[in-house]
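A.B. asks: Sequence:
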Amino acid sequence: MHKRFHVQRQHIIHSLDTLLYQLHTLSFFLSPSLWIYVCRIIAQFQCIRPRELDANRSLRFFYFTVIILNVPSLWNHSTKGASEGRAIILDFIGMAHTPSKAQLFLLDISIVFLQLVLTTIAYETSVYYTSAQLEPEDFLLPDPPTPFSIPLFRLPTEAPPESPIYPPSPSPQSKTVSSAHSLPYVLDLRFNAIMTRLRTPPPPPPVPSSDSFLPLPNTTPWRLPGLRMLLRTGRQIRTTRGTPSTTPTDRQRVPGAMEAGSG
Numbered sequence: 001m002h003k004r005f006h007v008q009r010q011h012i013i014h015s016l017d018t019l020l021y022q023l024h025t026l027s028f029f030l031s032p033s034l035w036i037y038v039c040r041i042i043a044q045f046q047c048i049r050p051r052e053l054d055a056n057r058s059l060r061f062f063y064f065t066v067i068i069l070n071v072p073s074l075w076n077h078s079t080k081g082a083s084e085g086r087a088i089i090l091d092f093i094g095m096a097h098t099p100s101k102a103q104l105f106l107l108d109i110s111i112v113f114l115q116l117v118l119t120t121i122a123y124e125t126s127v128y129y130t131s132a133q134l135e136p137e138d139f140l141l142p143d144p145p146t147p148f149s150i151p152l153f154r155l156p157t158e159a160p161p162e163s164p165i166y167p168p169s170p171s172p173q174s175k176t177v178s179s180a181h182s183l184p185y186v187l188d189l190r191f192n193a194i195m196t197r198l199r200t201p202p203p204p205p206p207v208p209s210s211d212s213f214l215p216l217p218n219t220t221p222w223r224l225p226g227l228r229m230l231l232r233t234g235r236q237i238r239t240t241r242g243t244p245s246t247t248p249t250d251r252q253r254v255p256g257a258m259e260a261g262s263g
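Throughout the sequence shown, residue numbering follows full-length UniProt numbering, covering 1 to 263 in sequence.
Be aware that a few hints might be false.
What the hints assert, rightly or not - Okay, derived cross-link-like pairs now, SDA-like style, lysine to any residue, Cα gap no bigger than 25 Å in a straight line:
id, residue 1, residue 2
1, LYS101, SER78
2, LYS101, ASN70
3, LYS80, PHE113
4, LYS80, PHE28
5, LYS101, LEU114
6, LYS80, LEU107
7, LYS101, TRP35
8, LYS80, GLN103
9, LYS101, VAL71
10, LYS101, ILE67
11, LYS80, GLN22
12, LYS80, ALA102
Claimed, not checked - Computed spacing ranges between beta-carbons, pair by pair:
id, residue 1, residue 2, range
13, VAL7, ILE109, 42 to 52 Å
14, PRO204, ILE68, 18 to 28 Å
15, HIS97, PHE61, 37 to 47 Å
16, GLN8, LEU231, 52 to 62 Å
17, THR200, LEU53, 32 to 42 Å
18, HIS11, ARG232, 54 to 64 Å
Please keep in mind that the hints were generated in silico from the structure rather than gathered at the bench.
Please read all numbers here as calculations on a predicted model, not as lab measurements.
Every residue gets a Cβ at the ideal spot worked out from N, C-alpha and C, and that includes glycine.
Please model the complete structure; the sequences and the hints are all you need to start from.
C.D. replies: Next up, the structure:
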């Protein structure tokens, strides 16, 4: 399993999830509506773990689900404004004046945008870390810089000055700056990469075969027929080994007597 930036990306996912729950609660306090709040909680639940719910679905399906579950709030807040009613969680928390339609609509747009971003990060993180390939493509990393084929300046014709025998050692500050700039970003969301993922979804993960699982002991109160057959076979083997073999012979040997040679 690939572990590159796994902890940092999980931290970003959980931070966005916590922020969105706070925005859902703020929107509920500004315009209390239990049905809208439940729809947003359902959308939020599938935003943080899209591939765990259904690994065969594409990113387009989860985008469509997020938008559909947010349509009621967008429609009500853009046409009717703040809903009249009493808050269910805390009745005494509210604003001194009724929020306008523009405030509620901008809050809804921010929630939808952050949910789409969270869905994209969680989906691509799951695709990368559960891939069976040795070197899977990570859509959350920036593209490598392409080298320029045409030089931007001409080299001087004069000979460069001779370098000293012992070049000066770089300062520790320059080392720190160069190493910091050489590290890639934890994630880099690009519009082109997202559109590519929407057009060409990744293949579904392979179904694990039953042959790869180890046999587990029988934990049920009923005895399985295969176990009963194994016990019976083992009992028969032990009985066969314990029984001495008797071979009938015509001549009997007398203790202390000498055997006569043949004919």
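A.B. asks: Are the hints correct? Go through all of them and say.
C.D. replies: Okay, the hints, checked on the actual structure:
no. : hint                       : verdict
1   : LYS101 / SER78             : holds, 6 Å
2   : LYS101 / ASN70             : holds, 16 Å
3   : LYS80 / PHE113             : holds, 22 Å
4   : LYS80 / PHE28              : holds, 15 Å
5   : LYS101 / LEU114            : holds, 20 Å
6   : LYS80 / LEU107             : holds, 15 Å
7   : LYS101 / TRP35             : holds, 19 Å
8   : LYS80 / GLN103             : holds, 13 Å
9   : LYS101 / VAL71             : holds, 15 Å
10  : LYS101 / ILE67             : holds, 19 Å
11  : LYS80 / GLN22              : holds, 23 Å
12  : LYS80 / ALA102             : holds, 11 Å
13  : VAL7 / ILE109: 42 to 52 Å  : violated, 31 Å
14  : PRO204 / ILE68: 18 to 28 Å : holds, 23 Å
15  : HIS97 / PHE61: 37 to 47 Å  : holds, 40 Å
16  : GLN8 / LEU231: 52 to 62 Å  : holds, 54 Å
17  : THR200 / LEU53: 32 to 42 Å : violated, 21 Å
18  : HIS11 / ARG232: 54 to 64 Å : holds, 58 Å
Hint check: violations occur at hints 13, 17; the rest are consistent with the structure.
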